[in-house]
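Novice: The listed protein sequences correspond, in order, to chains A and B. Residue numbering for the first sequence follows numbering that gives the first Met the number 0, beginning at 0 and increasing consecutively. Residue numbering for the second sequence follows numbering that gives the first Met the number 0, beginning at 0 and increasing consecutively.
Treat each hint with caution, since some may be false.
Claimed, not checked - Computed footprint of chain B on chain A, listed as stretches where at least three residues anywhere in the stretch have a Cβ under 8 Å from a Cβ of chain B:
1. 8-22
2. 72-82
3. 89-95
4. 104-110
5. 134-142
Unchecked claim - In silico contact screen, one side only, chain A against chain B (beta carbon under 7 Å); selected entries:
6. Gln2
7. Thr32
8. Trp54
9. Val60
10. Ala62
11. Gly63
12. Ala86
13. Gly100
14. Cys113
15. Thr114
16. Ser115
17. Leu119
18. Val149
Bear in mind the hints are in silico, worked out from the structure with no lab data behind them. This structure is a prediction, so every number in the text was calculated from the model and none was measured. No residue lacks a Cβ here, since even glycine has one placed at the ideal position from N, Cα and C.
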Amino acid sequence: MLQQQLPWFIGGPVMGLCVVAARALFNGRLGVTGGFSEIISKVSRGSLSFDWRGWFALGIVVAGVGFALLAGQQSFQGYGWLTRTFAESSIWIPVILVASGLLIGFGAKTAGGCTSGNGLSGTSSLSASGILSTCVFFGTAIVVANIIQVVI
Amino acid sequence: MLNRASGLVIGIVFGAMICWTGMINPDVILGALTFQSSYLFLFMGSAVGTGALGLFILRKRAPKAVLVDAKVAWKDDPPARRHVTGSLMFGVGWGIACVCPGPILAQLGQGIPWAIYSFVGVVAGVFIYLRRGSVETEPAGDHAAAQAAPAAAVN
Numbered sequence: 000m001l002q003q004q005l006p007w008f009i010g011g012p013v014m015g016l017c018v019v020a021a022r023a024l025f026n027g028r029l030g031v032t033g034g035f036s037e038i039i040s041k042v043s044r045g046s047l048s049f050d051w052r053g054w055f056a057l058g059i060v061v062a063g064v065g066f067a068l069l070a071g072q073q074s075f076q077g078y079g080w081l082t083r084t085f086a087e088s089s090i091w092i093p094v095i096l097v098a099s100g101l102l103i104g105f106g107a108k109t110a111g112g113c114t115s116g117n118g119l120s121g122t123s124s125l126s127a128s129g130i131l132s133t134c135v136f137f138g139t140a141i142v143v144a145n146i147i148q149v150v151i
Numbered sequence: 000m001l002n003r004a005s006g007l008v009i010g011i012v013f014g015a016m017i018c019w020t021g022m023i024n025p026d027v028i029l030g031a032l033t034f035q036s037s038y039l040f041l042f043m044g045s046a047v048g049t050g051a052l053g054l055f056i057l058r059k060r061a062p063k064a065v066l067v068d069a070k071v072a073w074k075d076d077p078p079a080r081r082h083v084t085g086s087l088m089f090g091v092g093w094g095i096a097c098v099c100p101g102p103i104l105a106q107l108g109q110g111i112p113w114a115i116y117s118f119v120g121v122v123a124g125v126f127i128y129l130r131r132g133s134v135e136t137e138p139a140g141d142h143a144a145a146q147a148a149p150a151a152a153v154n
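From just these sequences and the hints, can you work out the full model?
Specialist: Structure (structure tokens):
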């Protein structure tokens with residue numbers, strides 16, 4: 000059952016309810032980058048006393064562990080177009096992933112949110128900056144992904 | 000304590016959805032971004048629809064937040080240049096790696112080795128941003144919650 004994709008009309012609303020729960024419980028804006036930021040700034044000051052955002056991020060890791068254990072396998076093998084295009088030992092895969100990660104982390108902090116912070120929470124509160132950010136990163140990613148699709 | 004436990008539980012639910020909807024898989028993301036599947040858009044749309052309805056009700060009623068000593072109220076940031084520049088960078092990274100911060104954490108949990116590279120990249124990107132002493136960009140509601148959290152966590 001866990002190998003089958005959950006219908007979108009269940010997965011989507013549950014994600015939406017997570018956004019609402021964070022607002023109702025903590026008056027907070029749900030966002031994974033916020034969790035990264037909280038953990039990184041605390042750890043770099045030698046503290047492990049994370050607020051709810053840090054624990055939210057850790058919860059996602061826990062879910063990954065639990066899901067793989069319950070399903071009895073990882074959700075996918077290889078790593079998408081990267082392992083189809085390059086040999087698994089190729090230096091290009093780490094280089095591309097680290098560089099993309101840098102853009103993702105630095106870009107999300109600059110824009111004040113990632114797919115969750117701006118894409119889910121920002122748009123859900125009808126925030127103009129959240130909607131603008133979401134349009135820009137979706138548009139950009141669509142262009143980039145289609146270029147990759149054509150080139151490889 | 001209750002604060003952190005609640006954050007963890009929301010994270011577990013959120014992470015389970017990332018895994019179960021296939022958003023953890025780079026091929027699912029690539030398929031969505033190249034319009035081979037409508038799942039991601041329907042999924043995001045229904046998440047935002049549900050979230051918007053819930054937040055609309057919360058905003059209107061403005062109850063006291065359950066776990067922090069504050070009323071549920073927030074101000075949205077007005078659009079600025081950084082939303083465009085930051086999201087351009089984010090979109091390039093997302094389109095190439097076909098992964099964003101949530102799925103990276105879920106992949107790490109599943110023991111997918113490739114996630115270590117994107118994780119290192121994201122951590123470095125956030126760290127560089129914080130080190131530059133750049134202004135905090137996440138909306139005001141986050142700070143209110145972050146500041147209120149330690150006081151409430153004592154209970």
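Novice: Tell me the numbers of any earlier hints that the structure contravenes, in ascending order.
Specialist: 6, 12, 18
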